[in-house]
Structures are given as C-alpha cells and as structure tokens.
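Asker: Below, each chain spelled out in residue letters.
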Amino acid sequence: MTTPEPTIHVRIGSRFEDIELVDLVAAAALTHLGFEEEVADKVCLAIREAVANAVQHGNRLEPDKITQVVLAIGKEDLEIEIKDEGGGFDPESVPNPLAAENLLKPTGRGIFLMRRFVDAIDFEFDDSGATVVKLRKRIPEPPKPSNSESEVEI
Amino acid sequence: MTTPEPTIHVRIGSRFEDIELVDLVAAAALTHLGFEEEVADKVCLAIREAVANAVQHGNRLEPDKITQVVLAIGKEDLEIEIKDEGGGFDPESVPNPLAAENLLKPTGRGIFLMRRFVDAIDFEFDDSGATVVKLRKRIPEPPKPSNSESEVEI
Amino acid sequence: MKTSVRNREGITIIDLQGKITIGEGDVMLRDAVHEAVAAGSSNIVLNMKKTSKMDSSGMGELIAAHEKVKASGGMLRLLNLPENILNVLGVTQLITVFDVFDDEDEAIASFK
Amino acid sequence: MKTSVRNREGITIIDLQGKITIGEGDVMLRDAVHEAVAAGSSNIVLNMKKTSKMDSSGMGELIAAHEKVKASGGMLRLLNLPENILNVLGVTQLITVFDVFDDEDEAIASFK
Ligand SMILES: Nc1ncnc2c1ncn2[C@@H]1O[C@H](COP(=O)(O)OP(=O)(O)O)[C@@H](O)[C@H]1O
Ligand SMILES: Nc1ncnc2c1ncn2[C@@H]1O[C@H](COP(=O)(O)OP(=O)(O)O)[C@@H](O)[C@H]1O
Chain A
1 MTTPEPTIHV RIGSRFEDIE LVDLVAAAAL THLGFEEEVA DKVCLAIREA
51 VANAVQHGNR LEPDKITQVV LAIGKEDLEI EIKDEGGGFD PESVPNPLAA
101 ENLLKPTGRG IFLMRRFVDA IDFEFDDSGA TVVKLRKRIP EPPKPSNSES
151 EVEI
Chain F
1001 MTTPEPTIHV RIGSRFEDIE LVDLVAAAAL THLGFEEEVA DKVCLAIREA
1051 VANAVQHGNR LEPDKITQVV LAIGKEDLEI EIKDEGGGFD PESVPNPLAA
1101 ENLLKPTGRG IFLMRRFVDA IDFEFDDSGA TVVKLRKRIP EPPKPSNSES
1151 EVEI
Chain X
2001 MKTSVRNREG ITIIDLQGKI TIGEGDVMLR DAVHEAVAAG SSNIVLNMKK
2051 TSKMDSSGMG ELIAAHEKVK ASGGMLRLLN LPENILNVLG VTQLITVFDV
2101 FDDEDEAIAS FK
Chain L
3001 MKTSVRNREG ITIIDLQGKI TIGEGDVMLR DAVHEAVAAG SSNIVLNMKK
3051 TSKMDSSGMG ELIAAHEKVK ASGGMLRLLN LPENILNVLG VTQLITVFDV
3101 FDDEDEAIAS FK
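Protein chains in written order, with my numbering: chain A, 1 to 154; chain F, 1001 to 1154; chain X, 2001 to 2112; chain L, 3001 to 3112.
Just so you know, the hints here were simulated from the structure itself, not pulled from any lab data. For glycine and all other residues, C-beta sits at the position ideal for the given N, C-alpha and C. There could be a bad hint or two in this list.
[Stated by the list, open to error] Footprint (simulated), chain A over chain X, 3 or more residues, beta carbon under 8 Å:
{"#": "1", "stretch": "2022–2033"}
{"#": "2", "stretch": "2089–2097"}
[Unchecked claim] Straight line, CA to CA, 27 Å or less: simulated DSSO-like cross-link-like pairs of lysine-lysine:
{"#": "3", "chain 1": "X", "residue 1": "K2050", "chain 2": "X", "residue 2": "K2068"}
{"#": "4", "chain 1": "F", "residue 1": "K1105", "chain 2": "L", "residue 2": "K3049"}
{"#": "5", "chain 1": "X", "residue 1": "K2002", "chain 2": "X", "residue 2": "K2050"}
{"#": "6", "chain 1": "F", "residue 1": "K1065", "chain 2": "A", "residue 2": "K75"}
{"#": "7", "chain 1": "A", "residue 1": "K75", "chain 2": "L", "residue 2": "K3112"}
{"#": "8", "chain 1": "X", "residue 1": "K2050", "chain 2": "X", "residue 2": "K2070"}
{"#": "9", "chain 1": "F", "residue 1": "K1105", "chain 2": "L", "residue 2": "K3070"}
{"#": "10", "chain 1": "L", "residue 1": "K3002", "chain 2": "L", "residue 2": "K3068"}
{"#": "11", "chain 1": "F", "residue 1": "K1075", "chain 2": "X", "residue 2": "K2049"}
{"#": "12", "chain 1": "X", "residue 1": "K2112", "chain 2": "X", "residue 2": "K2049"}
{"#": "13", "chain 1": "L", "residue 1": "K3070", "chain 2": "L", "residue 2": "K3112"}
{"#": "14", "chain 1": "X", "residue 1": "K2112", "chain 2": "X", "residue 2": "K2070"}
{"#": "15", "chain 1": "A", "residue 1": "K65", "chain 2": "X", "residue 2": "K2050"}
{"#": "16", "chain 1": "X", "residue 1": "K2002", "chain 2": "X", "residue 2": "K2070"}
{"#": "17", "chain 1": "F", "residue 1": "K1075", "chain 2": "L", "residue 2": "K3070"}
{"#": "18", "chain 1": "X", "residue 1": "K2068", "chain 2": "A", "residue 2": "K105"}
{"#": "19", "chain 1": "X", "residue 1": "K2053", "chain 2": "A", "residue 2": "K105"}
{"#": "20", "chain 1": "L", "residue 1": "K3049", "chain 2": "L", "residue 2": "K3002"}
{"#": "21", "chain 1": "L", "residue 1": "K3049", "chain 2": "L", "residue 2": "K3068"}
{"#": "22", "chain 1": "X", "residue 1": "K2070", "chain 2": "A", "residue 2": "K105"}
{"#": "23", "chain 1": "A", "residue 1": "K105", "chain 2": "X", "residue 2": "K2049"}
{"#": "24", "chain 1": "L", "residue 1": "K3070", "chain 2": "L", "residue 2": "K3050"}
{"#": "25", "chain 1": "L", "residue 1": "K3050", "chain 2": "F", "residue 2": "K1075"}
{"#": "26", "chain 1": "A", "residue 1": "K65", "chain 2": "A", "residue 2": "K134"}
{"#": "27", "chain 1": "L", "residue 1": "K3112", "chain 2": "L", "residue 2": "K3049"}
{"#": "28", "chain 1": "F", "residue 1": "K1075", "chain 2": "A", "residue 2": "K65"}
{"#": "29", "chain 1": "F", "residue 1": "K1134", "chain 2": "F", "residue 2": "K1065"}
{"#": "30", "chain 1": "L", "residue 1": "K3002", "chain 2": "L", "residue 2": "K3053"}
{"#": "31", "chain 1": "L", "residue 1": "K3050", "chain 2": "F", "residue 2": "K1105"}
{"#": "32", "chain 1": "L", "residue 1": "K3070", "chain 2": "L", "residue 2": "K3053"}
{"#": "33", "chain 1": "L", "residue 1": "K3112", "chain 2": "L", "residue 2": "K3068"}
{"#": "34", "chain 1": "L", "residue 1": "K3050", "chain 2": "L", "residue 2": "K3002"}
{"#": "35", "chain 1": "L", "residue 1": "K3002", "chain 2": "F", "residue 2": "K1105"}
{"#": "36", "chain 1": "L", "residue 1": "K3070", "chain 2": "L", "residue 2": "K3049"}
{"#": "37", "chain 1": "L", "residue 1": "K3053", "chain 2": "L", "residue 2": "K3112"}
{"#": "38", "chain 1": "F", "residue 1": "K1134", "chain 2": "L", "residue 2": "K3070"}
{"#": "39", "chain 1": "X", "residue 1": "K2002", "chain 2": "A", "residue 2": "K105"}
{"#": "40", "chain 1": "A", "residue 1": "K75", "chain 2": "A", "residue 2": "K134"}
All chains should be modelled from the sequences, with the hints used to inform the complete structure.
Answerer: As structure tokens, this is what we get:
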C-alpha cells in the first residue's frame, strides 16, 4: 500500500462569487506544489475559465445546480476536473478566437485560454450529458512543499 | 430549493507535509470569507492542530491511512470536520496544559489551542472508534468575498 | 474591484484597482466606461496599474469599452498594463486591438 | 524553515526564518540548538524576527531548547517575537517561561 495522493474537492453552487473561492483554493494548492507565481496564475486562469463555463453555460446560473471541482495531486501531474449539471456541448464547434472575424467578439476565449495554459485538456460528457472538463498540468520539480528550503550553518 | 453551501473536502495521506496543504487551503477559504488575517491565523492553527493529531495520534503516521478535512461554508458559520482512521481517545482525560506541572511539558497544547481559537469544538467517535473533530467559527459580517469593495466616482 | 475617475487636460482617466473578472469586476468596468461616456467623455484612458487579474469576461468588457468609446467618437487607451495582463492580452492577440502606454503623460499626449 | 547561526561577544545567535511547525521546522530548530550546544555554545539567542508561524510542535521544541540549554549550564533568550507568536505563547502561558527581548543589544547584554 502506498500513501494516497492528496485530493481537494470543492463543491459550489452556481454563483459567480463561488468562482473566486475555487480560484483561491487552487492558488493555495499550486503554491504548496511549488509552482512559480507566473505559472500558477495561468493555471488558475484556466481553472477559473472552466468553472465560469460550468456555472454559466452548464448550470445556467440556476442556484440549485452544483459545480464540482476536483484537484488531484499525482506524483507528476496535477489533474483538475470541473463538472457541471448542464447539457453538454460540442467542443469541436467552438470558433477560433484568433480568427480575424472573431477578434473583436466579447466572448469565446475561455476554452482557448485553457488550452494554452495547461498541458492537456479533455472534455467528457456523462450519461446525462453534463460536462466534465479535465485539465492536466505537470508539477514542477522538485515537487516539495513551499517550506522545504533549508540551510544550516554552524 | 436554495443555493447549496460551498464545501471544500481535502483528503490527504498521513504525512506531515500534507498538513501544510490543508493549512494553505483553509487560509484561502478564510480569506475568501473576509476573515481578518489575525483571526484567520488562529483558526488555521486550530485546524492545523486537529489535522496533526489525526495524522500523528489517530493514523499513527501509517502511510495508507487517510485524514479527511471538510470545510463547510454555512450562512453564519464555517464548520470544519477533521476525521481520521484511528482508535479514538477520551478528550476528558487530556490534562490542562496551563497547570504548573504541565507547563514545561513539550506536548499537550493542541486541543487547548483548538478550544481557544474557535467558537465551538466537539469530538465524535464513529463505529470503528475513529475520531471526528468538529470545529465551528462564526463568519465575519458582512460575509462577502474579498473583492466586494467598490467605489465609483465620476 | 474599485474604479475611480479623474480628469487631465480634458481626458478622462479611469483608475482600475483589483480583479476585472466575471460577475463583478467586469460589470464595474462596463459601468464606469458607460457613465464616463454618458457624462460626455469621449477620450478615455484606463489605468490598469493596480489591476491584479483579468479573465475572459474582463477581456470581453475591455473590447466592449473599446467599441463603446469608438462609437461615441472618441478613443480608448490602456495605461500601465501589469505583466500578467499583458500576457493574456498577448496570447489572445487582443493586444493588437489596443493602444497601450507605459507613461501617463504619453497616453494623454497621444490624443492631441 | 531556515536557520543560520552567528556569534556576537561570545553569544550564539540563531536566526530562524519561516515556519516552526510539525515535521520540519520543529526538527530544524531542535537540530540547530543541539549543534550549537554540542559546539560549545552555552548562551543562545533565538532571533525569531522572520519566523512566520509556530504550532504546538514548535512550542514543544522551544521548551526542549530551553531545557537543553539550561542543562548545559547556559541560558536561552528569545528575540523579536512577531505578534502572532507572542500571542500563542501568551495563550499557552509559555511566555512566562522565557526571557523575551525586542532589541538584540539588550538580549546580548542580559547575559553579562
Ligand atoms: N460547461 C459547458 N456547458 C455547456 N456549454 C459550454 C460549456 N463550456 C463551454 N460551453 C460552450 O462553449 C462556448 C465557448 O466557451 P468559451 O471558449 O469558454 O467562451 P465563452 O464562455 O466566452 O463563450 C460557450 O459559449 C458555450 O456555448
Ligand atoms: N485524533 C486523535 N486520535 C487519537 N488520539 C488523539 C487524537 N487527538 C488527540 N489525541 C490524544 O489527545 C492527546 C492530547 O492532544 P493535544 O492536546 O493535541 O496534544 P499533543 O498532540 O501535543 O499530545 C494526545 O497526546 C493524544 O493522546
């Protein structure tokens, strides 16, 4: 038997202010894992975009619908799952926000930012059609906690 | 139906470094809830002590044993549960660390600190004898997220 | 998020402080720009020196602000973009849409 | 946690930086004090100016350090306690056990 990998499971309603909670918790986990601030900011933005989509498009801001976020700290990778209770969608049909005709559109950059800021992204749709977004990001080496620095001089 | 209350569930193995993860995640939640830094530090210390006991005394640092921490954000209170897979203990028989004969003892201050730094504490023991420590702390008013400050001048 | 508005040489400068993110900061950015335009400002500088983060909703409102100001016959300038925001505007190529300045005097002078 | 050791007028000053908490910081505090005593230091100042937090394990090691130094015929002083650490030492009444200083010169002079 090996030591179980730490996981953080955040369960929120479908309110905008709960997105902030997920962002802060994810930032805490990334700090613990030794991510540099600049990288942590990008991963947090990817998570934030996925949660915003779950809350907004998946759960359509219906107050009783749940958004769940799981952060699983693996040996090499941080795996993040964002799950809603919505009706799913077709990720293939999302237009490219860099195309000239889309550049000035006010929306449509969330999934693009996710793709850019994590190492892997996958969309799954469960039996009810609800969306599970899976993000993966390599944990920096050495994967030690933030208080591991040491220097003893006598 | 009302909006479900946000909950954060952290599941760790029984390693000291995982205590740090719980501390950072709890601090993030307390920041989000608008706790002042000084109060947040105290609540985090109470949580840290309970987790350290779960890891050390409950799970005896056995790598495959799980410690679980749930932070449930209620309307008025933050409820925190810390659960281990140990054999339980008798909280009544824990000596008072302020007594003269205990003042210089190197251990025995954890539960005392928990009692001092939260509003309510309760110990429960499930069928297997494992310990569930329940801590409760009033959420400061107004219970708004940290980014709620606003000031518009035209 | 916190917005405050000041005037320099007929140019409206909106100082933004905090998060321009979904549900609050984005709405406050929109409101501040709309109110400034309604109050007759045509040329606007958004000073983002104290902006801590921006998500795709914030970017959307930034574009909307740009369009709104243009429609009113004025111009929008961005001032003092922090590194992380420069980065997301770069990745999304929105940086090509905006006139960006590091110096308030230069931003003001650019309207002349 | 990070410890570094310096000497002033025959007194050993151990500067502690970071968290004196279970599993790492507590062990490093213990090791630093043991090594200093083994190297012949009898009078020791723990400078906690940059100590960010302390839990009950850290307090336990602080008491152990106190006892260890006393047993070697010396004295231990605490210097520059941050507010939060003063607070937990106050709540547990450990503050009554230690000699606490705000000024390094005074801490050094106290051994004379
Ligand atoms: N969880 C989801 N459930 C349903 N539809 C979604 C979900 N996530 C994304 N979408 C769809 O994909 C589109 C593109 O998403 P995105 O790139 O994040 O941009 P935006 O959210 O600004 O529209 C959305 O407009 C929406 O139609
Ligand atoms: N989760 C737990 N499982 C089993 N025993 C526990 C648990 N928590 C506390 N105890 C018992 O209560 C005692 C007092 O705990 P505490 O006040 O935290 O001080 P310390 O951990 O320093 O001994 C412990 O020494 C241990 O015997």
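Asker: For the pair we were handed, L/K3049 and L/K3068, check the Cα-Cα distance against 27 Å.
Answerer: holds, 22 Å
Asker: For the pair supplied as a hint, F/K1075 and L/K3070, confirm whether the alpha-carbon distance does not exceed 27 Å.
Answerer: Distance of about 51 Å is beyond 27 Å: violated.
Asker: With the threshold set at 27 Å, check whether the alpha-carbon distance from X/K2112 to X/K2049 stays at or below it.
Answerer: Holds, at about 23 Å.
Asker: Assess, step by step, whether the Cα of L/K3002 is no farther than 27 Å from the Cα of L/K3068, and give holds or violated.
Answerer: Between L/K3002 and L/K3068 the Cα gap is close to 21 Å, so the pair holds against 27 Å.
Asker: X/K2050 and X/K2068 were given as a pair; does the straight-line alpha-carbon distance stay at or below 27 Å?
Answerer: holds, 23 Å
Asker: Measure nothing beyond the straight line between the CA atoms of X/K2002 and X/K2070; if it is 27 Å or shorter, mark the hint as holding.
Answerer: holds, 24 Å
Asker: Between the alpha carbons of L/K3050 and F/K1075, is the straight-line distance 27 Å or under?
Answerer: violated, 37 Å
Asker: Checking one constraint from the list: CA of L/K3050 to CA of F/K1105, max 27 Å. Satisfied?
Answerer: holds, 26 Å
Asker: Can you confirm whether the C-alpha distance between L/K3002 and L/K3053 stays at or below 27 Å?
Answerer: Holds - the C-alpha atoms of L/K3053 and L/K3002 are around 13 Å apart, at most 27 Å.
Asker: Given the hint that L/K3053 pairs with L/K3112, does the C-alpha gap stay at or below 27 Å?
Answerer: Violated. L/K3053 to L/K3112 sits at ~31 Å, over the 27 Å cutoff.
Asker: CA of A/K105 to CA of X/K2049, is that 27 Å or under?
Answerer: holds, 25 Å
Asker: Checking one constraint from the list: CA of F/K1105 to CA of L/K3070, max 27 Å. Satisfied?
Answerer: Distance ~15 Å between F/K1105 and L/K3070 Cα, so the pair holds.
Hint check: violations occur at hints 7, 11, 15, 17, 25, 37, 38; the rest are consistent with the structure.
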